[in-house]
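Asker: Residue-level listing of the chains:
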Amino acid sequence: AQKVTQAQTEISVVEKEDVTLDCVYETRDTTYYLFWYKQPPSGELVFLIRRNSFDEQNEISGRYSWNFQKSTSSFNFTITASQVVDSAVYFCALRAHSGGYQKVTFGTGTKLQVIP
Amino acid sequence: ETGVTQTPRHLVMGMTNKKSLKCEQHLGHNAMYWYKQSAKKPLELMFVYSLEERVENNSVPSRFSPECPNSSHLFLHLHTLQPEDSALYLCASSQDPQGAYEQYFGPGTRLTVT
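In order, the protein sequence lines correspond to chains E and C.
For the first sequence, our numbering gives the first residue as 1453, with consecutive numbering after it.
For the second sequence, our numbering gives the first residue as 14, with consecutive numbering after it.
It is possible that some hints are incorrect.
[What the hints assert, rightly or not] Straight-line Cα separation of at most 30 Å, DSSO-like style, residue types lysine-lysine; simulated pairs: (1) E:Lys1555 to C:Lys49; (2) E:Lys1490 to C:Lys53; (3) C:Lys49 to E:Lys1490; (4) C:Lys32 to E:Lys1555; (5) C:Lys54 to E:Lys1490; (6) C:Lys53 to E:Lys1455; (7) C:Lys31 to C:Lys54; (8) E:Lys1563 to C:Lys53; (9) C:Lys53 to C:Lys31; (10) E:Lys1555 to C:Lys54; (11) C:Lys49 to E:Lys1563; (12) E:Lys1563 to C:Lys54; (13) E:Lys1522 to E:Lys1555.
It should be emphasised that the hints constitute simulated quantities derived from the structure, not laboratory data.
All figures in this text were calculated on a predicted structure; none of them were measured in a lab.
Looking at chain E on its own, in the form it has when it is part of the complex (with noise of 0.2 Å):
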């Protein structure tokens, strides 16, 4: 069985605050793969990053970075200096390769607020 599990219900932050975003995963298998989507008011789920359980490197995208630590099974979050714009809700999914057949595993999201 595979789960996905986002304590974190909402988020509220002032403009220009850093603001981290956690991620605990549970899967047996060895190869899987990470996911995060942003969920904006407008409905549309956006693509964020992909990782494969064989890459543990750390990446940054701008003001985006994510922290993946197989040892603690968690994909962390983190957006610096938040913007009004990075309001949404945010989803961390798990892909794993006995999950069955394209089985996506979804947090429950995190609503992050970032107020002005």
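Based on these hints, arrange chain C on the given structure of chain E.
Answerer: Below, chain C alone, put in the same frame as chain E:
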């Protein structure tokens, strides 16, 4: 650029109506998906099509009937729905039928069943 489009964006229907949701992807992908997103619940995968063949059906009630006439189009036919079926229905596509690559989502259809 809008890679995945969905129509209609909003739909209100009675329990005895029949309606269809449409999804179209312009990305040349091989796999298409239907998800249901209800308030305070994780995204629920409903159906998966790979190369126009249904490869997964997650115990979805028969009042939801998918159709994939070609790799670019996906439909969800609705009939005799229940109020608890009210939700945001999201369509997605991906290049990899095995699901290892990211999915690209449409804006969704907000369905209200009265």
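Asker: Each of the hints needs a verdict: does it hold here or not?
Answerer: Each hint, compared with the structure:
no., hint, in the structure
1, E:Lys1555 to C:Lys49, "holds (14 Å)"
2, E:Lys1490 to C:Lys53, "holds (16 Å)"
3, C:Lys49 to E:Lys1490, "holds (16 Å)"
4, C:Lys32 to E:Lys1555, "holds (27 Å)"
5, C:Lys54 to E:Lys1490, "holds (16 Å)"
6, C:Lys53 to E:Lys1455, "holds (16 Å)"
7, C:Lys31 to C:Lys54, "holds (26 Å)"
8, E:Lys1563 to C:Lys53, "holds (11 Å)"
9, C:Lys53 to C:Lys31, "holds (27 Å)"
10, E:Lys1555 to C:Lys54, "holds (17 Å)"
11, C:Lys49 to E:Lys1563, "holds (18 Å)"
12, E:Lys1563 to C:Lys54, "holds (13 Å)"
13, E:Lys1522 to E:Lys1555, "holds (21 Å)"
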